[in-house]
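Enquirer: Knowing the structure of chain X, use the given hints to seat chain Z on it.
Here the protein sequences come in this chain order: X and Z. In this text, residue positions in the first sequence follow the numbering used here: the first is 10, and each later residue adds one. In this text, residue positions in the second sequence follow the numbering used here: the first is 10, and each later residue adds one.
Since the hints were made in silico from the structure, they are not lab data. Only a predicted model underlies this, so the values are computations on that prediction, with no experimental measurement involved. Among the hints, erroneous ones may be present.
Note that the list lumps identical chains together, so a pair holds whenever it fits in one copy or between two copies.
[What the hints assert, rightly or not] The list that follows gives simulated cross-link-like pairs (lysine to any residue, SDA-like), each with its CA atoms no further than 25 Å apart:
#, residue 1, residue 2
1, K256, Q270
2, K106, Y279
3, K106, P275
4, K256, L278
5, K256, R36
6, K256, E267
7, K222, F41
Protein chains: 2
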Amino acid sequence: MADIRLFEKDPYAPIRYVYEIDQVLYRGKSAFQEFAVVTNPYFGRMLVLDGVVQFTERDEFYYHEMMAHVALHAMESPRTVVVIGGGDGGVIREVLKHPTVEKAYLVDIDTEVSRVSREFFPTVGSALSDPRLVDSPMDGAAFLDGFDGTADAVLVDSTDIVGHARSLFTPEFYESARRVLGDRGLFVTLSESLHFHLPMVREVQKTLKKAFKTADLYTAPLATYAGNWWCFAVGSNGADIRKPARKPVTPTRYYCAEVHQTCFLPRFLYDRVMEEGRESL
Amino acid sequence: MADIRLFEKDPYAPIRYVYEIDQVLYRGKSAFQEFAVVTNPYFGRMLVLDGVVQFTERDEFYYHEMMAHVALHAMESPRTVVVIGGGDGGVIREVLKHPTVEKAYLVDIDTEVSRVSREFFPTVGSALSDPRLVDSPMDGAAFLDGFDGTADAVLVDSTDIVGHARSLFTPEFYESARRVLGDRGLFVTLSESLHFHLPMVREVQKTLKKAFKTADLYTAPLATYAGNWWCFAVGSNGADIRKPARKPVTPTRYYCAEVHQTCFLPRFLYDRVMEEGRESL
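Pulled out of the complex, with its shape left as it was, chain X reads as follows:
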């Protein structure tokens, strides 16, 4: 296992999470990252990219539901959705639960992610053959630059905000998203942990506010992401993501109307997040 960096210290997580591994089902390398699919007695199969757990069979639904459903339920009838990253298909699976969605673009630069997901995580990749999916394997920034339509939502399901994923967190990228979304669309991106990465959470909010009229922050409890108290950052030019516009799609295991209403960070805490120089709440 020495050359899979599963157990190496995460340079920006102060707790190292160590998992018992029963089997290594797959190891490989794409042009972009190292892959491992392993099994754990509790979590089942786990997808590990560059040594970081991306999701597990047992609890992937928290992240994938929360990435997709908050923005999409804030609209009456989302039709066009762009998922950047997320080649595994977990977010796409949730997006396509919305019956009004006509087109879901999947923009993951690394086609290996979808291949590995179909092979080892059939329940996560279950919607990867849906006819409404438009597979667009390319750089997310380049995709938005070349996109001449309008999207109802742009959802960024990338790896952590380091390395090549950083291009998805720049002012230029947010500007492209804003253009594609128009006045009524919503932008959602992962935004790391309120426990361990507060300066990064703040930086994403500040950058979003340069491109969008408003930025917001909601959270979800994710056991396998360092810091656990995980953030999703929102950019909007007018749409109110806080208000569900209709009943939840089914089935879900975590997302529900009450989660929608309670997942946003209270103003008292949001103001602390935004205090310059603050390292933790």
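Expert: This is chain Z only, laid out in the frame that chain X set:
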């Protein structure tokens, strides 16, 4: 470090949390447990009992505030509060921020906890000399049995629900608490993680419902407790813990009116927690 069980596998947590340790400031043993005070570059000083991190200097406020303030803010004027366990003084510190509190009983069977806290965690143990505190170092169940007054709140800040702490999670103990609380008091106890200990969360709810008219569940994000998505279980005979009765005391770092309103588990998820046999949401 071999004889401090810091890094041993937690038998009921599927992820092992590993911390870098700079210094071991103290190691000792009481009649009840093994103590270690260590320092970590991120968390600062950490109190470790029987190999389990109890709190860290950096983030202790989440747990201590949430253990004390939800119940106490649901009352106009709490006067008498019983804290069982919690010898470190963290919960007592929060309780005594409420100006109406006249007496706070601290019932930790292990007097070493307070001694170590005063010495190594002065900001946590800062209220241990408050004149309103009544130090009652004895078994929590025996204390409640012999208590002939009425309390507004009983807060159980014990170690995990294993070993000698189990006596604080029995129907008999809850029955004693109910008697002491009368119709208007509130009972709060830790209740482990919604991610990793769902059957235990359910067991506590079911046991509480035998003694109290209603049981409830609220959560907080705790980075150093296995599973992180931590629960507090509530027993009530009529008082409504969900409604803050007045403005928050100050200062707090996490608790606020909006946290109070959003920390309770949504009914959709609560119903899943209570499904017999369910191992995770």
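Enquirer: Which of the listed hints are not met by the structure?
Expert: Hints 5, 7 not satisfied by this model.
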